[in-house]
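Novice: Quick mapping for you: the protein sequence lines, in order, are chains A and B.
To convert, take the position in the first sequence, counting from 1, and add 1264; that gives this note's numbering.
To convert, take the position in the second sequence, counting from 1, and add 1264; that gives this note's numbering.
Please note that a few of the clues may not be correct.
In this list, chains with the same sequence are indistinguishable; a pair is considered to hold if it fits within one copy or across any two.
With a straight-line cut-off of 30 Å between C-alpha atoms, the simulated DSSO-like cross-links for lysine-lysine are [to be verified]:
#, residue 1, residue 2
1, 1455, 1444
2, 1493, 1477
3, 1517, 1411
4, 1517, 1493
5, 1447, 1318
6, 1470, 1318
7, 1355, 1418
8, 1477, 1447
9, 1350, 1437
10, 1512, 1437
Just so you know, these hints were derived from the structure itself, not from any lab.
A quick note: this is a predicted structure, and the numbers were derived from the prediction, not measured.
Protein chains: 2
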Amino acid sequence: MNKERPIILITNDDGITAPGIRALVNAVQDLGDIVVVAPDSPQSGMGHAITIGKPLRLHPVNVIEGVQCWQTSGTPVDCVKLARDKVLHRKPTICLSGINHGANHSINVIYSGTMSAAMEAAIEGIPSVGFSLLDYNFDADFTIASKVVRAVTKRMLEHSLQEHTLLNVNIPKVDEKDFKGIKFCRQAHAKWAEDFDERIDPRGEKYFWMVGKFINLDRGSDTDVEALKNGFASIVPIRFDLTDIQTKNKLEKEWNGIL
Amino acid sequence: MNKERPIILITNDDGITAPGIRALVNAVQDLGDIVVVAPDSPQSGMGHAITIGKPLRLHPVNVIEGVQCWQTSGTPVDCVKLARDKVLHRKPTICLSGINHGANHSINVIYSGTMSAAMEAAIEGIPSVGFSLLDYNFDADFTIASKVVRAVTKRMLEHSLQEHTLLNVNIPKVDEKDFKGIKFCRQAHAKWAEDFDERIDPRGEKYFWMVGKFINLDRGSDTDVEALKNGFASIVPIRFDLTDIQTKNKLEKEWNGIL
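Pulled out of the complex, with its shape left as it was, chain A reads as follows (with noise of 0.2 Å):
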């Protein structure tokens, strides 16, 4: 690899034969030299989980034209652990997760495979972005993601942020001419209610389908979800410092002497 160019990890959770991985390869492949880790299977809702359980597979695979392509048996984190330690062998300049088929604004940021692998990058100490489409189509037009994609990138690359912060960029499903740009946001309070689907197997046996209704909560002008419906893509940068500081203090006070 050229010392000289950036080395940018590329993952995902919607697995590495994904149409949304390719766009994002395609939108930043002149941009450094590309490296390419991810599920070798749909890892959806993943969340940040770890595999601790069970043996990990790690293979390279040719899938895109060009590129250096690892495929694991693993999580999204799974992914970026992998990626860092038995591919690279060292930190890449920037990691990309994405580009999701499907929304990562508000609430789902925490349920996400692909920005819990962005976060796994940024908690590393790896500048690091994760990028969704509202678009869950196979066939989804990636036109403006990849655009977005590109000058967030070049952008992060010629000014990293503070380190330990990731970016959670959203694109709307707009034509061209309905697009806005980008917007700052918050992330929005919102929350899944669920509607288990249930059934019965071949056996008689009751099982349950996991389904649900987004609910947003927030009636906020700068939040994630209220951008997008106005044709913006949202970013909204990300902390893993999950203190609740306000509450830590009221109750330093208010509990004293509980035991």
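Chain A is already provided as a structure; the job is to place chain B on it using the hints.
Specialist: For chain B alone, coordinates are given in the frame of chain A:
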């Protein structure tokens, strides 16, 4: 169920047969009506994973005398969702997760199934606490942990926290005479340096076990790691709005016109 008594939902990530969940039930059994919904097998390191690609099982089981227990084939987060929607059919008064066998201080909050279950409850608006004991042994002594669990749970039932905040409580492995009480802390900045154990299977194929060395990068005196080292039980209030507002405000100015 008696409507006047609190409904206490209990879950964990070590599985329904773990001694820690039994210790948790014993510690709070007289404080309300207990319902246990926990994974049917160990789910450590599952983070905030949810099960969307395969169906879920949910069965009542007799594992703790006189206590309503259910096991699921899902993750800790799935357990909370199933408990809410398919067992209780309403919100419990409080959700307690644990007692985990092993530390969930510092960065471990991100990987922990125990803490993710508590976080899922908080997303749902249920007051929640995750408890972890710094002792991996099957025959760990839960005496101090039980006292902490009881004091924290009683306080939470009397004066609930602000909605959507949860607590990460870790208990040191010390003799009773050396236990110093509780301390409110912030999450220590730390990481795991992975050092994959590389092996060859009987068919000659390479595989990896994830092992790792914990590295505390934080020298602050106000962290959970430091409190535990000094014989305190640490309590870190946790938020799931991951927005880094300072970086958002900074980038809004500096990234103007990148696209």
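Novice: Decide, hint by hint, whether the structure agrees.
Specialist: Now for the hints, and whether the structure bears them out:
1. Only within a single protomer do residue 1455 and residue 1444 lie at most 30 Å apart by alpha-carbon distance; the minimum there is 26 Å, versus 38 Å between protomers.
2. For a Cα distance limit of 30 Å, the shortest separation of residue 1493 from residue 1477 inside one copy, 17 Å, qualifies, whereas the shortest one across copies, 44 Å, does not.
3. Taking CA atoms no more than 30 Å apart as the test, residue 1517 paired with residue 1411 passes between copies only; the shortest distance there is 20 Å, against 50 Å inside one copy.
4. Taking CA atoms no more than 30 Å apart as the test, residue 1517 paired with residue 1493 passes between copies only; the shortest distance there is 23 Å, against 42 Å inside one copy.
5. Proximity of residue 1447 to residue 1318 under the C-alpha cut-off of 30 Å is found in neither arrangement, the shortest distances being 42 Å within a copy and 36 Å between copies.
6. Both within a single protomer and between protomers do residue 1470 and residue 1318 lie at most 30 Å apart by alpha-carbon distance, with minima of 28 Å and 14 Å respectively.
7. Within a single copy, residue 1355 and residue 1418 get their C-alpha atoms as close as 18 Å, which meets the 30 Å cut-off; across copies the closest is 47 Å, which misses it.
8. Taking the closest pair of Cα atoms, residue 1477 and residue 1447 come within 30 Å of each other only inside a single copy of the chain (26 Å); across copies the shortest separation is 39 Å, beyond that limit.
9. For the homomeric pair residue 1350 and residue 1437, neither the shortest alpha-carbon distance inside one copy (37 Å) nor that between copies (35 Å) is at most 30 Å.
10. In the homo-oligomer, the alpha carbons of residue 1512 and residue 1437 lie at most 30 Å apart only across protomers (23 Å), although the nearest pairing inside one protomer, at 40 Å, exceeds that limit.
In terms of the numbered hints stated before, the structure departs from hints 5, 9, listed from lowest to highest.
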